[in-house]
Every structure is written in C-alpha cells, then in structure tokens.
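Peer 1: Protein chains in written order, with our numbering: chain A, 1 to 253; chain B, 1 to 652.
No lab work stands behind these hints: they were computed from the structure. Backbone N, C-alpha and C define an ideal beta-carbon position, used for all residues, glycine too. Just so you know, not all the hints are guaranteed correct.
Restraint-style ranges between C-beta atoms, simulated for each label pair [to be verified]:
#1 A:137 x B:201: 43 to 53 Å
#2 B:50 x A:10: 26 to 36 Å
#3 A:77 x B:466: 20 to 30 Å
#4 A:242 x B:466: 44 to 54 Å
#5 B:469 x A:137: 27 to 37 Å
#6 A:77 x B:25: 45 to 55 Å
#7 A:120 x B:466: 39 to 49 Å
#8 B:200 x A:32: 28 to 38 Å
#9 B:302 x A:118: 52 to 62 Å
#10 B:28 x A:140: 54 to 64 Å
#11 A:32 x B:474: 50 to 60 Å
#12 A:10 x B:32: 32 to 42 Å
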Amino acid sequence: MDTSAVIETQGVNLWYGDNQALTNVTISFPEKTITSLIGPSGCGKSTLLRCLNRMNDLIPSCRIEGGISYHGTDLYGPAIDPVHLRKQVGMVFQRPNPFPKSIYDNITYGPRMHGIRDRKTLEQIVEESLRKAALWDEVKDRLSASAMGLSGGQQQRLCIARTLAVNPDVILMDEPCSALDPIATAKIESLMEELKSQYTVIIVTHSMQQAARVSDYTGFMYMGELIETGETAKIFENPEKELTNNYITGRFG
Amino acid sequence: MENEHVVNDTPAVSAELFSGRSSYLKERFIRSVWFMTAVFGVLTVFFILAFLVIDGIPIFATVSPVEFLFGTTWNPTGAIPAYGTLPLWIGTVLVTIGAMVIAAPLGIACAIVIAELASPRLKAVFKPATELLAGIPSVVYGFFGLIVLTDFIRVNFDIPTGETWLAGSVLLGIMALPTIISVSEDAISAVPKEYREGSLALGTTRWQTISQVIVPSALSGITAALILGIGRAVGETMAVLMVTGNAAIIPDPIYNVLSPIRTLTGTLGIEMGETAIGSAHYHALFGVALLLLLITLAVNLSATVILGHIHAKQTGSGKGPGRLSALLARYQQNLKIAAVAFILLLVAFFVSPLVALVFALIGAALWYIPSHIQPRHQQNIAFSLLYVAIAVVLAALAIILGYIVINGLPAINWEFLTTAPRALGREGGIFPAIIGTLYLVTGAIAIALPIGVGAAIYLIEYTRENILTKLIRTGVDLLNGTPSIVFGLFGFSFLVLYLNLGISLIAGQITLALMVLPTVIRTTEEALRSVPTSFREGSLALGATQWQTISRVVIPPAIPGIITGAILSIGRAAGETAPIMFTAVVFSSRYLPSSLSDPVMALPYHLYILATNVPGAETNQYGTALVLITMVVGIYLVAIAVRTHYQKSIRW
Ligand SMILES: Nc1ncnc2c1ncn2[C@@H]1O[C@H](COP(=O)(O)OP(=O)(O)O)[C@@H](O)[C@H]1O
Ligand SMILES: [Mg+2]
C-alpha cells in the first residue's frame, strides 16, 4: 500500500439496518492530495465519507465491519475518541450549514470548543481561515453580521473556513457545490487547489467534470462497491473496468 | 497549541486522539444528570399510582369492589355509610357526553375554519382567541357558570335551581374546545397540499374538497382530538363542582339534562377537605381518585396510540392504513346506518316513539336535500354554518371575559390590591392571595423547568428511540392526562402527610410543579426537534463534544420555544385550584408566608371560597376573578406573543 496514505480502508462493509450500503470497500487516500469519489446517486459515496470521521456513529441503525485506519491507528478502535477525531478530520456538508450566529462566532466556534480563549489568537484564526477560504475580502467589514445573511456560495465558503479554523489534517467534502451556482462553484474549486498544499482533501461529487478538474485521484463507486480507483487522468482516459467507462461516457447515471 | 501537531508523526496523533478521556467523563456525567431528570417523570406516575393504591385499597375492607363500583348510593357520612360510586361515575360519563355533544361539532368546525378557510389575518385573530379559552382558569369558568349560566338555565327552563347536568356540560364543552380545536387543526393542516390541489384540479368546490378529501384524511387526528377533549372534560374539577348541584343521584329519566348531577372529581373536591384522615371515607375517596385516574389514563392512552399511528404514517414508518380504519372505510355506509338506527331506537325507547319519528324525518330530509342542491350553494351553506360555529365560540369568549371585566373593574382599587381581606373577604383586599399565587407559581416553575428541560434534552439529544424512551414518553403522556385533583390528592397523601411537610407553600409548589412538568417537557422537546440536524452535524464535525454542541448550537435557537413552554406552565399553575386546595392554601391569612413551610393564600382558591361559601361578597368576587384572569390571560398573551415573534424571525 501507499506509504504516505493518511486514511486507508480495508474491506469495509456497512449496513443501515438490513440494507447493505457499502460492500468490501478498500481504498487509500494519500497525503496532501485531492481524491474524489464519483458514482450515481445512492451508490454510497456519502456513506463512505461519513465513515471517515465517524459521523455514521450518529445513525442508530448503522453497523460497520472491516478496517479503517488513520495514520495507522484503527479508526474504530478503543484508542480513538470520535470527538477528537473529528477535529482532525473535518467535514463540509452538501448544504451549507452555518450556525445562526455571527460570521465571527461561526469561525471561532471550533477553536473555542477546543479551549482557545485568547482574543488575539481568535482574531488571527478568523482572518487566516477566511483568507484561506477566499472569503475575507467579502466579509471583513461585517464579521459581526449574522452568517444566515450570506449568499449560498458565501455560506459554503464560510463552512470551509470554519473547518479550517480548527486546523484539521483531512477535509471531507460531500458534494460541496451541489447547492451552488456556477460562479460560486468555480470559486470553491479554485480554493480546493490551494487547500491541497496543506491538507488531504476527499471530495464527493456527482459532477465528473469537477472530479476531472480538481482531483489527483478518483474512485468510482457503484451500488455500494468501489469499482475502480486510481489517478484521475487514468480513470477518465483509460479506465480498466467496463462499468467505469460506461459511467464516465455518460451511458448511465 | 493548535498548530503543534505534526501530521506525519503517528504516535503524536494517537496521543492526541487518546487524550479525550477527561472530557469523556464529563460528557458521561452530564448525560446521566439528564437521564435522571427524564426518569423522574416515569417515577412520578408510578408514585402517584402507588400512593392512590395504598390509600385506596383499604376501602375494600369495608365494601366489596363490586359494591364500590356498582352500588347505587354514595353516602359516606350517613348513619349507615354507603360507598357506591355508580352515581358518581355515571355522572362523570353523562356530563362528558353532554360536553362533547356541544364541543365536538363546534370544535371541528372551528378547526376547519382556522386551517382551511380563514385568511391569514383572520387566522391571526381566531387562533389566539380560541387559545385564550384555554387560559381562563377553571375556577373562573365555575364562577361565571355559577353566577350567569345557572341563572340563565333556571329562568329559561323555569326550574327551582339551574345547578344542573346541562350547566356542567355547557361549561365543560367550552373548556374542552381549545384542546379539540388545536389538535384537530394540526391534523387538518398536516394533510398534504397535493391532496387539496389534486381534488381542486378535478373541478370540485372547496367544500367538496374539505368534506370529501381533507377531513377524511385527518380523521384519525380529529378522533384523537375528541378523545383528548373527553380526557379534559373527565378530569375537570372546579368548574363542574360549582355548577352541577352535586347531588349524588342518577338522573331520572337518564336523559334528564336538567337534573343535578355529581361527578367523580366533584366528589373529591367537596369531600376531601372534610374527612378524617384514615377513616373509611378517606380511603373511599382515594378509591374514587384511583377510578378517576384509571379512566383518564385509558382515555389518554388511546389518544396517544392514535396520534402515534398518525405520526408513524407521516414519517413513513407505519405499515400502511391500519386494519381498523380499513375495515371502517369498507363498511362506512352500513356503520352509519346502523348507528343512526341505534340512536333512533334508543330515543324511541327512552323518550317517545313520536320524537324518534320526527328525528328520522329531519334526518331523511337532511340526507336527501344536500345531494339535490348545487355544489356551489352547498358550499355557501356549509361555509356559513362553519363561520356561525366560530362566531358562537368567539361570542362565548367575549361574554365570559366581558362579564367579568365589566363587573370586576369597579372593585379594583389600590386598597383592594394592597391590603389583606377583612370580614371573610367581603371587605378589604386580596394582597396576600396575589403574593401567595406568585410564590406558588415561582416555586413550581423553578422546580419544573430544570427537570423538564433536562428530560427533554435527554429524550431528544441523547437517546435513540428504544423501550426506555418509550416508557419515559408514556410516563410523560400519562402525567399530562392526570386530572389536577388527583395531583392534589397525591400531594396531600405523599407530601403533606407522608413526608410530613404539612399544608405548606413547598407542598403546593411541588404539586404544581409535577402538574406542569409534562407541558415543559413537551414544549422543550418540540423546540429542540425544530432545530435542524445540520446544525448538530456541523458542530460535531468540528470536533465539538456532544454537550458543547447541545449547549452552544442546539439550545440557543430553541430558547424561544422553551420560554413559551415555561410561560404556558406558569399560566396554568397560576390558575389551578384543585392541586393546591389540600396541599398549600388557607382561605384567610393576614400575614404573608414567612417560610416554605407556611400555608399561603392563593387567588383561585380565594375566588372559589368567596363564590361558594361567603354570601354578600359580590364585589370582591368579581374583583378577584378579574385580577386572576388578568394575571393568567396576561401570561398567556405573553407566551403567544413570544411564539409569534420568533416564528416570524426564524430564518433557517
Ligand atoms: N441514514 C440512513 N439510513 C438508512 N439508509 C441510508 C441512510 N443514509 C443513506 N442510506 C442508504 O444508503 C445508500 C447509500 O446512500 P448515500 O451514501 O447517501 O449515497 P450517495 O451519497 O452516493 O448518493 C442509499 O441506498 C441510501 O438509501
Ligand atoms: Mg450523498
């Protein structure tokens, strides 16, 4: 296996009640790269993603089997506290979900929860994260305004900034652009390019163009199985599997 | 410190991941605190049942259960005491039937108007107005009934006294309306818009859509509303007690609505204060309370089951239409005919065949005519009737409020509000009663709010649905349906006697707290549920702990809902008489309570005694009623205002 992998899964099976949503998924996510997961809707992309920061723990009917490791530590083992894990493995959701608080409070929420109280430090974190999320110039004059008043695209970048503010190691993004218009989408895509230098990014997308544009590696999923994974260029130009070929050429999905 | 961790350094990473143990313990601790508050509700129900049973069982040493249930004489203080509760529970059943005959059509009609017909502006008037009906304390209803309604009945029917079954039913009917209206309205509003559009798109009138599609779809919700209304009527004490005459007889003939009557609750309200502790009479009264509790439990459980089915259907977790409703639908026509025939037979048998014939003819006409008028005219007639119904309800509200305000205003002056009563309350003021009520309410909410909010947090935020949560929820439902007089008896038996608190402020506060606990839990649950899951996910995904998430992200937007619930509880506690009658109050006290173990005066009880036991206190009766109603209605208006304000400003 790839030695620089941040997260690796080994034969993961997952059920919601009696419904198997993931079947024998083995994939690794190399450090400081962008990996995208593509596939028709309902194939288990979000489910796989939510395994990686244990958000699935919150779903009562969910049962998981197989190994997932984070820097070599068993993610579901007794050594890992899901709360601390989620600080390292951040997540951006499909629909922007800022808290009904001010922009400033949204960003400082995470750091504060992790014990940072110093105002100077917090202000610094706010500016830094907003800059990284390419939102600083748009909101620097109204940090105390409610986040609910931002546009959808701005809200999503705020959610990215909020995630960056806790200084994670991995960022999971679940169709972060699906609720956004093309201009906002473009902004977030160029942002991802920047993020790659510091973070390991895993993005779920239903847009093949997006996957092709932004990611280094791509995994194609179908009905709960990981059909094929590899360098993005290879998946899109010369896939090994017939199914992958059909999907990327638009024959289904 | 944030920037210290090194991505590639595996041991460091695990060390940091591992370091969450102390916060883990804290989380566990917080969780168990909320768990204990949640269990409190179940325990209370259990305790209430246990104490009623313990104090009620000894009566069966004196009479057999069969005699207790079916004996036709209730005369515990006679030379030869008799403990037959038949006239009492028959009385409860009859008064309730009468109340539902009035409240069911009016309530459903009002719900249809509010949910389907009224413009938003009218709705903004109708809805709070019908909710205000729930805000009028029952002792004020009783007072109004005693002064106005019974007199009206006496004069119009030319009978010696107006204190009758009819008076009780009218009053209870009005009191059951708010419950019926709000639950039915919820059910009607929950009918998917597609049904409405689908029907209208076929060229039907609005009335056809309402009567053929919407109301049938909401039928089980409306049924639950009616059952809850019945529960409300069965459990009411003060109002019935003040207007039904309280003769423990079975009306003769059985449909004689002008006969006096006595209910289970009335019996408790009247006799509990006058019996020797530990006597057969005392135990008999606990037997009565037990019977009452079992009836209301059965009534409320069936409503809960029905509402649960609806919820399951709406969330798609149900198993399709229930077998019962499928059967009902299949034999609807036959069932209707059978029911009509049965009623006609009853009437023919008990009243006279002639009356039955007249009924049958009117019925046939009503059956025949609608299908022969144009749909448009049908609609006009139907809508007019519906608006008449809501006008009747609003008129009742206006008359009650107006009457008390007009007669009460002259009594209000500075002296009345700031001095103690003199001459048994005929003169002087009501200051100690105002203060007593404030003390009672403050204490009650101080106890109920933390426990209730904690329980709701546990139920919504911490648990997956399982047997335990079901048990807790059922406990809360049962507590919610427990008649207030039963809380009073429990408070007396457990707090006053068993814990030896005596008739005291603290005993009253705890009793009231138990009574409002379900309201606090439910409104808080609803408020928490309305906070989107995405907020929780967003926070957890940032590595916040569960308690951090709840306290920083979930609770703040839920605060208005929680406050509304608290205010409603305060209003309810301020107006109740039955729970404090045997636990906390005295009629006359020159002094304010100096500690929690002193008894207090309270406005509702003061009004009750003035109205029933003190001749010649007219002015001060109205004055007390007005102050009480102003306080309670004022509190409710604040709650309604808070709710509307935040409903408008919520933006997610
Ligand atoms: N919370 C859940 N409970 C039960 N089933 C779920 C839940 N979330 C997703 N599923 C099921 O798991 C499968 C995969 O869903 P998901 O991972 O959301 O797919 P994708 O993100 O690729 O569209 C679907 O069949 C979906 O119905
Ligand atoms: Mg998805």
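Peer 1: Confirm or reject each hint.
Peer 2: Hint by hint, here is what the structure shows:
no.: 1; hint: A:137 x B:201: 43 to 53 Å; verdict: holds, 50 Å
no.: 2; hint: B:50 x A:10: 26 to 36 Å; verdict: violated, 56 Å
no.: 3; hint: A:77 x B:466: 20 to 30 Å; verdict: holds, 26 Å
no.: 4; hint: A:242 x B:466: 44 to 54 Å; verdict: holds, 46 Å
no.: 5; hint: B:469 x A:137: 27 to 37 Å; verdict: violated, 49 Å
no.: 6; hint: A:77 x B:25: 45 to 55 Å; verdict: violated, 19 Å
no.: 7; hint: A:120 x B:466: 39 to 49 Å; verdict: holds, 47 Å
no.: 8; hint: B:200 x A:32: 28 to 38 Å; verdict: violated, 59 Å
no.: 9; hint: B:302 x A:118: 52 to 62 Å; verdict: holds, 59 Å
no.: 10; hint: B:28 x A:140: 54 to 64 Å; verdict: violated, 42 Å
no.: 11; hint: A:32 x B:474: 50 to 60 Å; verdict: holds, 54 Å
no.: 12; hint: A:10 x B:32: 32 to 42 Å; verdict: holds, 36 Å
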